[in-house]
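Peer 1: Construct the entire structure; sequences and hints are all you get.
Residue numbers (my numbering), protein chains in the order written: chain A, 2 to 239; chain B, 15 to 261.
Don't read these hints as lab results, they were simulated from the structure. The reader is advised that the hints may include incorrect statements.
[Unchecked claim] Per the computed footprint, the stretches of chain B lying under chain A, defined by three or more beta-carbons under 8 Å from a beta-carbon of chain A, are:
| # | stretch |
| --- | --- |
| 1 | 100 to 111 |
| 2 | 232 to 242 |
| 3 | 246 to 253 |
[Stated by the list, open to error] Beta-carbon label-pair distances, calculated as ranges:
| # | chain 1 | residue 1 | chain 2 | residue 2 | range |
| --- | --- | --- | --- | --- | --- |
| 4 | A | 152 | B | 39 | 41 to 49 Å |
| 5 | A | 34 | B | 258 | 52 to 60 Å |
| 6 | B | 139 | A | 183 | 28 to 36 Å |
Quick reminder that beta carbons are idealized off the backbone N, C-alpha and C, glycines included.
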Amino acid sequence: MRLRRRGRADRAGWDRIALFALGLGVTLFAIVGPLDNLADSKLLFAHMGQHVLIGDLGPALMVLAMRGPLLVFFLPAPVLAPLARTGWVRRAFGTLLRPRVAFGLWAANLAIWHVPYLYDLALEHQNLHDFEHLCWTFCGLLVWTLLIDPGSHKRLTVGARVALAAALFAAGQILTDVLVFTFTPLYPYYHGAYGISALTDQKLSGIVMMAEQLLTLGVCVALLLRPRWLPRSRVATA
Amino acid sequence: MSPYAFGFEPLFIALAVAAALLYWRAARRDPPSRWRLVSFAAGLFLIAASLNSPLENLAAHYLLLMHLLQNALIADVAPLLVMLGLTAGMRDALRRRGAGRLRSRWILPVWLLAWYLTHLAPFYNWALRTGWGLNIEHGILIAVGLLFWWPIVTGRLTPPAGLAYLAAAFVGSVFLGLAYVFSSHPYYTFYEHVPRLWGLSATRDQSLGGILMNGEQTIVFLLAIGYFVLRLLDEEHESELTVGRQG
Numbered sequence: 002m003r004l005r006r007r008g009r010a011d012r013a014g015w016d017r018i019a020l021f022a023l024g025l026g027v028t029l030f031a032i033v034g035p036l037d038n039l040a041d042s043k044l045l046f047a048h049m050g051q052h053v054l055i056g057d058l059g060p061a062l063m064v065l066a067m068r069g070p071l072l073v074f075f076l077p078a079p080v081l082a083p084l085a086r087t088g089w090v091r092r093a094f095g096t097l098l099r100p101r102v103a104f105g106l107w108a109a110n111l112a113i114w115h116v117p118y119l120y121d122l123a124l125e126h127q128n129l130h131d132f133e134h135l136c137w138t139f140c141g142l143l144v145w146t147l148l149i150d151p152g153s154h155k156r157l158t159v160g161a162r163v164a165l166a167a168a169l170f171a172a173g174q175i176l177t178d179v180l181v182f183t184f185t186p187l188y189p190y191y192h193g194a195y196g197i198s199a200l201t202d203q204k205l206s207g208i209v210m211m212a213e214q215l216l217t218l219g220v221c222v223a224l225l226l227r228p229r230w231l232p233r234s235r236v237a238t239a
Numbered sequence: 015m016s017p018y019a020f021g022f023e024p025l026f027i028a029l030a031v032a033a034a035l036l037y038w039r040a041a042r043r044d045p046p047s048r049w050r051l052v053s054f055a056a057g058l059f060l061i062a063a064s065l066n067s068p069l070e071n072l073a074a075h076y077l078l079l080m081h082l083l084q085n086a087l088i089a090d091v092a093p094l095l096v097m098l099g100l101t102a103g104m105r106d107a108l109r110r111r112g113a114g115r116l117r118s119r120w121i122l123p124v125w126l127l128a129w130y131l132t133h134l135a136p137f138y139n140w141a142l143r144t145g146w147g148l149n150i151e152h153g154i155l156i157a158v159g160l161l162f163w164w165p166i167v168t169g170r171l172t173p174p175a176g177l178a179y180l181a182a183a184f185v186g187s188v189f190l191g192l193a194y195v196f197s198s199h200p201y202y203t204f205y206e207h208v209p210r211l212w213g214l215s216a217t218r219d220q221s222l223g224g225i226l227m228n229g230e231q232t233i234v235f236l237l238a239i240g241y242f243v244l245r246l247l248d249e250e251h252e253s254e255l256t257v258g259r260q261g
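Peer 2: Below you can see the structure in the form of structure tokens.
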């Protein structure tokens, strides 16, 4: 809104506002309301849906909404300026946004929070559960910042961003396969509900994760590669 | 008869020998590198051995799991190895004989259609009951497997198009394996009435088959996607070098 007030509505169109609102809405829908209730007490696949919304789709939409000059206006100047001048903050962000660090954190977060003991522990302790959700959003913001590159920092080339998306999908696929292919329920907290057995619930949670990753990462890769979509012969003659 | 006795589909030994002879003849004009030779030989061996070994007997008379393993080998892995074994000259010769007209936009639906239709219960049961029907099933799977990998190995697809082709194939084909994994009853009546092995019920046998099929496809497709991602990175590196030289 501040950018629009400065007469640069072209840099902060209503489409961006709609995207940001959608990202925020997706995140809020996941953590406040019926999905949260289902996730907390009834169905593992609802919980998985919650995680992919707050850790993947929500951050992706919000980062997408803020690309370009809009990014600088996200925080008020009195907050942003001191932060930008603080060396350790810049170094910390610089380190966190190194592709290997961001991917490592994202993959570690995915692996750690799906250890059955920790998963169930988080469900029994609200503070830990909130921290878990914070981790999902934080790691999601890191990897989507690299994939979308809202500030045009060019930390990664287009090819490297596609490689990162493929690596994220491959890492997610490992968890998906474990959830879908296991013959026994891994999370004792969930016993199934609404006629869905605990095992089917677990398999569905794997499918939810795979489908969501295919959707978000697939769209991201398609958008990244759209300019190169022409066949070689047409590129040569163009 | 022991479950581990050899089973045979001699047609595919004959076809593998014929393919080897044709390759040998083509190799005299256009000698392949060692790795291409090994790849082609490994592909033919996989086809012939999968269909003429104890695996054939287990697949045709006892376990769906083994049948799906057989199908994964002859439809996905072996055709890729065979195609990788072709030299540029051999591919050109195939192009002149009509393969040049093959387009990925219709290969993909044909491949998917064949993949699902050959696994439909009526066809699958019929093929298993008649025995010779298995030759048709396996012939279709090998043929569409070769067809599927053709646009990939010829290098006709740009990296973005290759990634789209593989992603569409992965997404399109994944449902069959998942159907096996999720189903709580056996799809194929044939396997309900065979002697049980290794303590596997018909449903568990089917679930394991689905796991195997999905696992194999995930590995093969992710490797192929990885290859195109590397090509994309190489192209970027090349263009950076070109810009550097011009600068």
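Peer 1: If you check the beta carbons of residue 152 (chain A) and residue 39 (chain B), does the distance land in 41 to 49 Å?
Peer 2: With Cβ atoms ~60 Å apart, the hint is violated.
Peer 1: Given the hint of 28 to 36 Å, check if residue 139 (chain B) and residue 183 (chain A) actually sit that far apart at their C-beta atoms.
Peer 2: About 29 Å separates the Cβ atoms of residue 139 (chain B) and residue 183 (chain A), which means 28 to 36 Å holds.
Peer 1: Holds or violated: the stretch 246 to 253 of chain B covered by chain A, criterion of 3 or more residues with Cβ-Cβ distance under 8 Å?
Peer 2: holds (count 4)
Peer 1: Quick check: do three or more residues in the stretch 100 to 111 of chain B have a beta carbon closer than 8 Å to a beta carbon of chain A?
Peer 2: Since three or more residues must qualify, the claim that chain A covers the stretch 100 to 111 of chain B is violated, with 0 doing so at under 8 Å.
Peer 1: Kindly confirm whether 52 to 60 Å is satisfied by the beta carbon distance between residue 34 (chain A) and residue 258 (chain B).
Peer 2: Taking Cβ atoms as reference, residue 34 (chain A) and residue 258 (chain B) lie about 54 Å apart, which means the hint holds.
Peer 1: Count the residues of the stretch 232 to 242 of chain B with a beta-carbon closer than 8 Å to any beta-carbon of chain A: does the count reach three?
Peer 2: holds (count 4)
Checked against the numbered hints given earlier, the structure breaks hints 1, 4 and satisfies all the rest.
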